[in-house]
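Please build the complete structure, drawing on both the sequences and the hints.
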Amino acid sequence: MKAHVLLILLSAILAFGSLGCGKKEEAPTTAPETPAAGKTVDPATAGTISGIVKFTGTPPPPVRLRMDADAACARLHPGPVTVREVETGANGGLARVVVYVKEGLEGYTFPPATEAIELDQEGCMYQPRVLAVRTGQPIEIVNSDDTTHNIHPIPKVNREWNRSQPPKGEKIVDSFARQEVAIPVKCNIHPWMQAYIAVIAHPYFQVTGEAGTFELKNLPPGTYTLEAWHEKLGTTTQQVTLGPNETKTVEFVFQGS
Amino acid sequence: MHAQYSPGLHRYAFATAAATLLLLVAGGLVTSNDAGLSVPDWPLSYGSLFPPMVGGIVYEHSHRVIAAVVGLMTIGLVVWLGRTERRAWVRRLAYTALALVILQGVLGGLTVLFYLPRPVSIAHATMAQIFFTLVAALVLFTSRWWLTAAPLPTSEASRRAERFALWTALLILAQLILGAAYRHGWLGITPHLLGAGAVLIATSWTGRLVRRAAPAVAMVTRLRILLSSLVGTQILLGLGAWWAVVRNQQALQPLPEMIWLTVAHLACGALTLATATLQWLALRRVTTSWAVDRTGLHAAVYPPALQEGGRQ
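Chains as they are written, first to last, in the numbering used here: chain R, 1 to 257; chain S, 1001 to 1312.
Bear in mind the hints are in silico, worked out from the structure with no lab data behind them. The model shown is predicted, which means the values in this text are computed figures rather than measured ones. Built from N, CA and C at the ideal position, the CB exists for glycine as well. Warning: the hint list may mix true and false statements.
Stated by the list, open to error - Restraint ranges, calculated between C-beta atoms of paired labels, are given here:
hint	chain 1	residue 1	chain 2	residue 2	range
1	S	VAL1025	R	GLU251	48 to 56 Å
2	R	PRO184	S	VAL1025	26 to 34 Å
3	S	TRP1167	R	GLY234	28 to 36 Å
So this is what it looks like as structure tokens:
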């Protein structure tokens, strides 16, 4: 009798002890990754790299989403909801591609980006689906829906977190300290919700629209590796050498199956 | 003093096992619906006992509630056995079950707080199967059959069958760990597929040995046939679940066919492990002196000095 009472007591202590362990200590948002004070861009010699990201082949068909797991989401869409992971424009331009300078800016320093970028949850979808920000740049997460969401970025090199946001609740503001292209973001309440946040240590990046075009202005002369990242098609890179005040045009092509 | 059959206790143990199987299904639904982190906090859900039951929260919070019920039922089982059970080893097994269910709860909490670390998720999945098997064993130990079964003469064939039955149960446990490792993205499918082949061969071979060792023991025969049926069903469900996953690789969310086939595969896996373990125990119960001594029965056959009567 004594033994089992003792064991139950011990188990209860263990269980309550574990409650006290609490949540994993969230690492403080560290200072954004910036090179030690170094070169700055001279506007007098800066140039521009512009171009287009194209898609050839047949894009995969749109995928239908089932939102019946949450009536509040289903109500917002009277018709079927579909997502095109490969979104192309009229001229073969590929949308939602992050084009950024991957290499060639080592040794430069840039003023931090302080303007907040918004990631909204509207219609139980992330808006926009692909977002690019600077390291340390505030990301304001908004819930415009009448339902609860959880926001769960799953980075590889940054700090992972998972927070809930009540219907039309207060904004969540956070940032990522290290460059990472791109961090998948999920809502585990609504598993169809998916976004990607590209975090880049400098200001030379753009997310393409339906036309697939991009323009990276005010780049110092140099040789750069440009990368185009797409959520489904992966990455492709090109080397570009930019002279003083030069404008170069680049074309990225992603091949469909 | 000898253990006596208590129908109420046996039924209660059975209800605990049934609730545990339901808990396994609920846990499988959490993983299959990718809902493991839909509730970011633990032990409470959104700081309360009654979170908004929408989307993935339905699966995660239901899993927590059923887990709490199973935890309470296990405490009830421990108290019941602690008060009435005369076999000390059965009481010790009940305490072990309680320790496991608490550890399992803590592991579940860690998966949430540390964002599903693979080793913890795999340990949580494996522990669930072990706990279910332990409770199923308690159902057997409290059954009238266990308390009254007549022993068979021990032979080399029975010892061999019993050894193989044990190794088959352990092989199935290893196969379940490989399955969990695949499900949580730690291993590819190949080890789990090879494991399935090994389990199929082992159960077929052991089945032959068991049939020869205890051909006339109804309980052993039932468990042997049930195990063969479960292994067959399990292989079909596994192939079905794999087909659903491969077919829907482009899906942007878990689809019902993926979810239900995978969860059925998981539940059938748990039943397979439990049945293989019970087959071994039942065989051991009738074919070795160990089991007879440890039941605290058969005073006429075995002198009281060899019996472990527990509390007098």
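Quick check: which numbered hints come out false for this structure?
-> 3
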